[in-house]
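Undergrad: Chains as they are written, first to last, in our numbering: chain E, 1 to 167; chain A, 1001 to 1354.
No wet-lab data here; the hints were simulated from the structure. On a predicted model such as this, the values are computed, not experimentally measured, just so you know. From the three backbone atoms N, C-alpha and C, an ideal C-beta is built for every residue, glycine too. One or more of the hints may lead you astray.
In silico negatives: residues of chain E with every beta carbon more than 10 Å from chain A [to be verified]:
| # | residue |
| --- | --- |
| 1 | V24 |
| 2 | E90 |
| 3 | I133 |
Listed next, the in silico DMTMM-like pairs over lysine to aspartate or glutamate satisfying Cα-Cα at most 25 Å (straight line) [to be verified]:
| # | chain 1 | residue 1 | chain 2 | residue 2 |
| --- | --- | --- | --- | --- |
| 4 | E | K122 | E | D53 |
| 5 | A | K1158 | A | D1290 |
| 6 | A | K1252 | E | E67 |
| 7 | A | K1337 | E | D112 |
| 8 | A | K1218 | E | E67 |
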Amino acid sequence: MNEAMNMAKEALSLGEVPVGCVLVHNDTIIGRGCNATVRTRDGTRHAEFEAFDQVLQSGHPPSIFRECQLYVTVEPCIMCASALRLLQIESVFCGCMNDRFGGCGSVLPLHDCNVTEYRPYKCMKGTLEKEAIDILRHFYVQENPLAPQPLKKEKKRAKRAERLNKT
Amino acid sequence: MDKKKVSSVLKKIQQLCPLSHSGLDHLKHIKKTKKNEDEEDLYCVLCVVPEDVTNISHFFKTQEINNTGQYSNVLIFLKELQIVNMSDFVVEDTTSYALDISRVPSFAPRTHEEWTEWNSIWPLKPAKLPPNIQLFDIKTNNTFEGEDEYSNLKITKKEAEAAVKYMKMAWQISEEARSKYNNVVPVGAVIVRPSPGQSDQVIATCFDESIASMSPYKNLFDSVDMSSSPCCKVPLESTHPLNHATMMCIRKVAESHRPLFETVAVVDGGRKRKLVTTGDDDKLPYVCTDCDLYITHEPCCMCAMALVHSRIRRVFYAVRNPLFGGLGGLFSIHEQKSINHRFDVFTWDQNKVI
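Please build the complete structure, drawing on both the sequences and the hints.
TA: Encoded structure:
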């Protein structure tokens, strides 16, 4: 989990939303990723996808994910949670929850909803939770210069701060 | 009937009597009819029979191919496939199975009406046709036929017509993938950026390049559809299990935007971030804002959320995916309250999608 947090710090230093993850197979890290949405101009390049690609590029077969654990600083979003389900990951450990996008229970339960073809996976929460929230808060006092202008930015910002204080 | 046996028999028949040789590529190889609760009779196409043949087993030894008119006669065999030893497939003894002649459509259907009619005669392969143009908003379930009906929807008649055009394009792409490769799920997708006053811009066209065996779309296709293999087909060398058509499209759009940005997000003392761009700031696109996606099959949950992240404007899909669809099939991600971007999804009347 500390390794994942290091990846998140790297993301922050690159001006990305600070989320980081590592994929572990037999106690060895086989893939790392940090958010790359700003750098690649692609809203889908989340840390998880960067890590998947790294694993596949280094020549591992796609079936290796069945024996992998994912450590990620923030609960995977619905997209990543679905992807993890399709890859049939063994289990996921995450730092803080993501009550806007979370796909492992917060918004939708992609980790254990009924899809017979793909086995469900366990999602354990709360490891290094405080650190994960702190680094996100640090990021969100700045703002994403690439996002389209929201209509009620001030209101949203207040809400976001409130929510972060709660969690 | 043991399903595993059917598929192995089917494989052998496909090798021995390929339908493409007799111009019957639009047919399914096997027809099933229910005998009673538990049993099914299987009929299987072997070859085309000329109109005047009476002695079947004699004909089979000296088979020829003839194909004229709306219907062709084909030789079929039926009954319990378990006892047929397909490896020595020679019709000398017709006691273990029966040979018969059946009428089938000679060419591929051109309209939905033909498809429906002919399909009742012999099962046809699905979807060489563009989807029916009857649209409905899956939120309201409003079907619309007359012009008045459009007022209930968030779409104009002109847009609906354009939608049909792009959907046909998506089907073409899926067909292309199907005819080229024998191991892909033939899903096609098109992303269009409408520009008012000018003609729309097609900014990405992609087909599914994921590993078919891991795909949540695979259940929407017969294994025959994907793997029936005239020798011209080659396997696609895919190593990525998640390269679904939608993801490929989004990536393509992102790649096309990248040159517009020289340096991105320079950190200044860990506080402020600067963005250096090469173009006019106001005109810079933010991923897929204002774009529409047209896709032959409903995006899975992963793709649906990827579309949210990409700020897509509207999605049009033809075939629903109840297994893992993210836009109505399993979940309705585009309508989740907590998510910061919502969009409209249109689909076609599922009964009329072939």
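Undergrad: With reference to the structure, classify each hint as holding or not holding.
TA: Hints versus structure:
{"no.": "1", "hint": "V24", "in the structure": "holds, 19 Å"}
{"no.": "2", "hint": "E90", "in the structure": "holds, 16 Å"}
{"no.": "3", "hint": "I133", "in the structure": "holds, 18 Å"}
{"no.": "4", "hint": "E:K122 / E:D53", "in the structure": "holds, 22 Å"}
{"no.": "5", "hint": "A:K1158 / A:D1290", "in the structure": "holds, 17 Å"}
{"no.": "6", "hint": "A:K1252 / E:E67", "in the structure": "violated, 31 Å"}
{"no.": "7", "hint": "A:K1337 / E:D112", "in the structure": "holds, 21 Å"}
{"no.": "8", "hint": "A:K1218 / E:E67", "in the structure": "holds, 23 Å"}
Hint 6 from the earlier list is the only one contradicted by this structure; the remaining hints agree with it.
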